[in-house]
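Colleague: These protein sequence lines map, in sequence, to chains L and V.
The first sequence: position 43 = 43 (our numbering), numbered continuously.
Heads up: take any position in the second sequence, counting from 1, add 1000, and you land on our numbering.
Hints listed in this document are in silico derivations from the structure and should not be mistaken for laboratory results.
Owing to the predicted nature of the structure, the values given are computational and were not obtained by experimental measurement.
Among the clues, some could well be false.
A few chain L positions that, by computed beta-carbon distances, are all more than 10 angstroms from chain V [claimed, not checked]:
| id | residue |
| --- | --- |
| 1 | 52 |
| 2 | 70 |
| 3 | 83 |
| 4 | 84 |
| 5 | 113 |
| 6 | 136 |
| 7 | 155 |
Label-pair ranges, simulated between beta-carbon atoms [as the list claims (entries may be wrong)]:
| id | chain 1 | residue 1 | chain 2 | residue 2 | range |
| --- | --- | --- | --- | --- | --- |
| 8 | L | 61 | V | 1013 | 26 to 32 angstroms |
| 9 | V | 1079 | L | 149 | 52 to 58 angstroms |
| 10 | V | 1012 | L | 52 | 37 to 43 angstroms |
| 11 | V | 1083 | L | 150 | 40 to 46 angstroms |
| 12 | V | 1143 | L | 16 | 33 to 39 angstroms |
| 13 | L | 146 | V | 1013 | 19 to 25 angstroms |
| 14 | L | 42 | V | 1071 | 55 to 61 angstroms |
| 15 | L | 53 | V | 1013 | 38 to 44 angstroms |
| 16 | V | 1143 | L | 55 | 44 to 50 angstroms |
| 17 | L | 156 | V | 1009 | 30 to 36 angstroms |
Quick partial rundown of chain V residues pointing at chain L, CB under 7 angstroms, derived from the structure [said to hold, decoys possible]:
| id | residue |
| --- | --- |
| 18 | 1019 |
| 19 | 1124 |
| 20 | 1125 |
| 21 | 1129 |
| 22 | 1130 |
| 23 | 1133 |
Here a beta-carbon is modelled for each residue, glycine too, at the ideal position from N, C-alpha and C.
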Amino acid sequence: MIGNVVSDTIAERRETPTRKRTLQRLRDWRSRVHGLYDQIEHALGSDYSYDRTGKHQSAEERVQQSGLNPDDVPPIDILRIEQSGRLVAVIQPRGLWIIGANGRLDLVLTPRTGGRRLFMLMDLSSPMENRTDWRIVRPSDGLQQLVFKPERLRELLE
Amino acid sequence: MNASISLGELQSAYRRTSSRIYRILEDGYDFSAEDALIEALNRDALIIDAAFFVLIFGQMENRINELAARKMATDQKRRALREQKFERRMNIALSGQDNKTVRDDIEGWYYLRNDAAHGERLARYNIEAVFERANQLDAMLMGQSEAP
Chain L
1 MIGNVVSDTI
11 AERRETPTRK
21 RTLQRLRDWR
31 SRVHGLYDQI
41 EHALGSDYSY
51 DRTGKHQSAE
61 ERVQQSGLNP
71 DDVPPIDILR
81 IEQSGRLVAV
91 IQPRGLWIIG
101 ANGRLDLVLT
111 PRTGGRRLFM
121 LMDLSSPMEN
131 RTDWRIVRPS
141 DGLQQLVFKP
151 ERLRELLE
Chain V
1001 MNASISLGEL
1011 QSAYRRTSSR
1021 IYRILEDGYD
1031 FSAEDALIEA
1041 LNRDALIIDA
1051 AFFVLIFGQM
1061 ENRINELAAR
1071 KMATDQKRRA
1081 LREQKFERRM
1091 NIALSGQDNK
1101 TVRDDIEGWY
1111 YLRNDAAHGE
1121 RLARYNIEAV
1131 FERANQLDAM
1141 LMGQSEAP
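If we strip away everything but chain V, and leave its shape as in the complex, we get (with noise of 0.2 angstroms):
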């Protein structure tokens, strides 16, 4: 078994994993909107979304170590590339002012995946959004990867 994820399996699981949890929501769905156990599987729901946004933040932070130690001339500058921080990490695999935009974004979802996994502030997801533009972001980074 391979032990590397893809995006494209993270969101299969994803789709299996909150359908079942909204399965119970449904089943349990009353019109009182106060009902204690709509607002726990809510919460269910919003930690489970948590996670799947650390875990896509994984893959596009995997990318980004690979783009940043392709640029490395030796061993030893690459391994000394993994104790730095993932700021640094990113500007040397995003370097240039073209870049400037697609290394906002991505510091923004650093902050925000820093949020969710330390569960010091949880937000709520449009997990499917996300997936689609974490897609965009890592087929922008593929093309850094390929070119010359």
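Just chain L, with the same shape it has in the complex (with noise of 0.2 angstroms):
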């Protein structure tokens, strides 16, 4: 329920990070986002080509009162999808802490018209909720957040 996500967002606001429950945090958003970038692979195939070597690392306010150094920090994959050797997608995370959202990632789309599109995947499930709910959301078309299905995506990409 999207009011869980909400007040409890709120309510970790107010709360002062400590080092364990931040590295907790980061730690279960990489999962989230590399188990995304899974299915995301397993959906459109072979036809397309992964590039997972550029990395993330989050620099954002509660990482830094909980005194975290860079090093500390897990990696998260900056996902690069191609065809035929034309980047078409690249899924790049943005953030965690997010009133009303478990984090969220930029999704931007090359299409073969040209120019960009750029969606967000939003995560509404609540803070160590042991679940996913991904929400792709067009920001430039209305905000209706639609639960994301990575085979969905062969539909934006073509």
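Join the two chains, each given in its own frame, into one complex according to the hints.
Modeller: In structure tokens, the structure reads:
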């Protein structure tokens, strides 16, 4: 239920972050994001190639407040999707600590027709809830938060 | 023109405003994650979100003020209520153990609203989810005002 993630993330923001809790949250975030990438790669299959060598490391306020060094922060993959040598999409982690969401990724598509299309992937599960609830939002097109199904990504790429 | 604003009107205004910012963001989006334009536009979006959060909270505060005022027996007490701190007004509006969870929830919103209003600590928001929760809380507050 969406109400819980809003209340839970507001309540979390009022707590003083501890090193242990922040590391738990960061590791959980990495696990959820990498799990999503695995699902996307499985759904799109071998018609596409994948590059996960680029890394994102959170430098968000709570990471700094927890006294973590950059070396302590688990790096999260940036997923680049190519087709026939052409970059068609990038998924870039944007932030974990969001009021009303359990993390956000930016999905940038480069359709054959040209230009860029920006989507957000937001997890509406509550922090440390042991589940995910990924939604896809096209912010320039209103803000409907539709359930994200990795197999539907193929339609967006074509 | 009616001066009061509903949550629904705020939500429509938010969608229009943010979609314009994101169209610019989309036009400027490059695959360089460190692009200065993207960072600047993301920050614009953050400020718009914080401003709308303050407005959304204002709607909830109005509802709480109305509820608290109804519980006052005289005009003099109603006037005196305006001078009370938010927590006091909320405790009057939502009294009793049954309302503790809602009070705790709204108290969290109040502190977050102060952060946003004073520009001390900007949070990132998923405002659509915030609107949904605000509507739920508003319905609860409306239910209180209709109770005998």
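Colleague: With reference to the structure, classify each hint as holding or not holding.
Modeller: These are the hints, each one checked on the structure:
Remark: the non-interface label on residue 52 (chain L) is consistent with the geometry, its nearest Cβ contact in chain V lying 15 angstroms away (cut-off 10 angstroms). Non-interface call for residue 70 (chain L) relative to chain V: holds, since the shortest CB-CB distance, roughly 15 angstroms, exceeds 10 angstroms. Taking the minimum C-beta to C-beta distance to chain V, about 15 angstroms, the non-interface status of residue 83 (chain L) holds against the 10 angstroms cut. At roughly 18 angstroms from the closest C-beta of chain V, the C-beta of residue 84 (chain L) stays outside 10 angstroms, upholding its exclusion from the interface.
Even its closest Cβ contact with chain V, about 14 angstroms, leaves residue 113 (chain L) beyond 10 angstroms, as expected for a residue assigned away from the interface. With a cut of 10 angstroms on Cβ distances, residue 136 (chain L) stays outside the contact zone with chain V, its closest approach being about 12 angstroms. Taking the minimum C-beta to C-beta distance to chain V, about 19 angstroms, the non-interface status of residue 155 (chain L) holds against the 10 angstroms cut. A C-beta distance of roughly 28 angstroms is found between residue 61 (chain L) and residue 1013 (chain V), which places it inside the suggested range of 26 to 32 angstroms.
Between residue 1079 (chain V) and residue 149 (chain L) the beta carbons are some 56 angstroms apart, a value that agrees with the proposed interval 52 to 58 angstroms. Against the hinted window of 37 to 43 angstroms, the Cβ-Cβ separation of residue 1012 (chain V) and residue 52 (chain L) comes to about 40 angstroms, which satisfies the hint. A beta carbon spacing of about 56 angstroms between residue 1083 (chain V) and residue 150 (chain L) contradicts the range 40 to 46 angstroms that was offered as a hint. Roughly 35 angstroms separates the CB atoms of residue 1143 (chain V) and residue 16 (chain L), a value that falls within the hinted 33 to 39 angstroms.
The beta-carbon spacing between residue 146 (chain L) and residue 1013 (chain V), approximately 22 angstroms, falls within the hinted interval of 19 to 25 angstroms. Between residue 42 (chain L) and residue 1071 (chain V) the C-beta distance comes to about 58 angstroms, which sits within the given range of 55 to 61 angstroms. Taken as a hint, the range 38 to 44 angstroms holds for the pair residue 53 (chain L) and residue 1013 (chain V), whose Cβ atoms sit roughly 42 angstroms apart. Evaluation of the 44 to 50 angstroms hint for residue 1143 (chain V) and residue 55 (chain L) yields a pass: the beta carbon distance comes to about 49 angstroms.
Checked against the hint of 30 to 36 angstroms, the pair residue 156 (chain L) and residue 1009 (chain V) passes, with Cβ atoms roughly 32 angstroms apart. Proximity of residue 1019 (chain V) to chain L holds as hinted, the smallest CB-CB distance being about 5 angstroms (cut-off 7 angstroms). Interface hint at residue 1124 (chain V): satisfied, since its Cβ lies 4 angstroms from the closest Cβ of chain L, which is below the 7 angstroms cut-off. The closest approach between the C-beta of residue 1125 (chain V) and any C-beta of chain L is roughly 5 angstroms, which is under the 7 angstroms cut-off, so the hint is satisfied.
At about 3 angstroms, the closest approach between the beta carbon of residue 1129 (chain V) and any beta carbon in chain L falls short of 7 angstroms, and the interface hint on this residue holds. Hint on residue 1130 (chain V) holds. Least Cβ distance to chain L is approximately 5 angstroms, under the 7 angstroms limit. Checking residue 1133 (chain V) against chain L by beta carbon gives a least distance of about 4 angstroms; that is within 7 angstroms, so the hint holds.
The structure fails to meet hint 11 from the earlier list, while all remaining hints are met.
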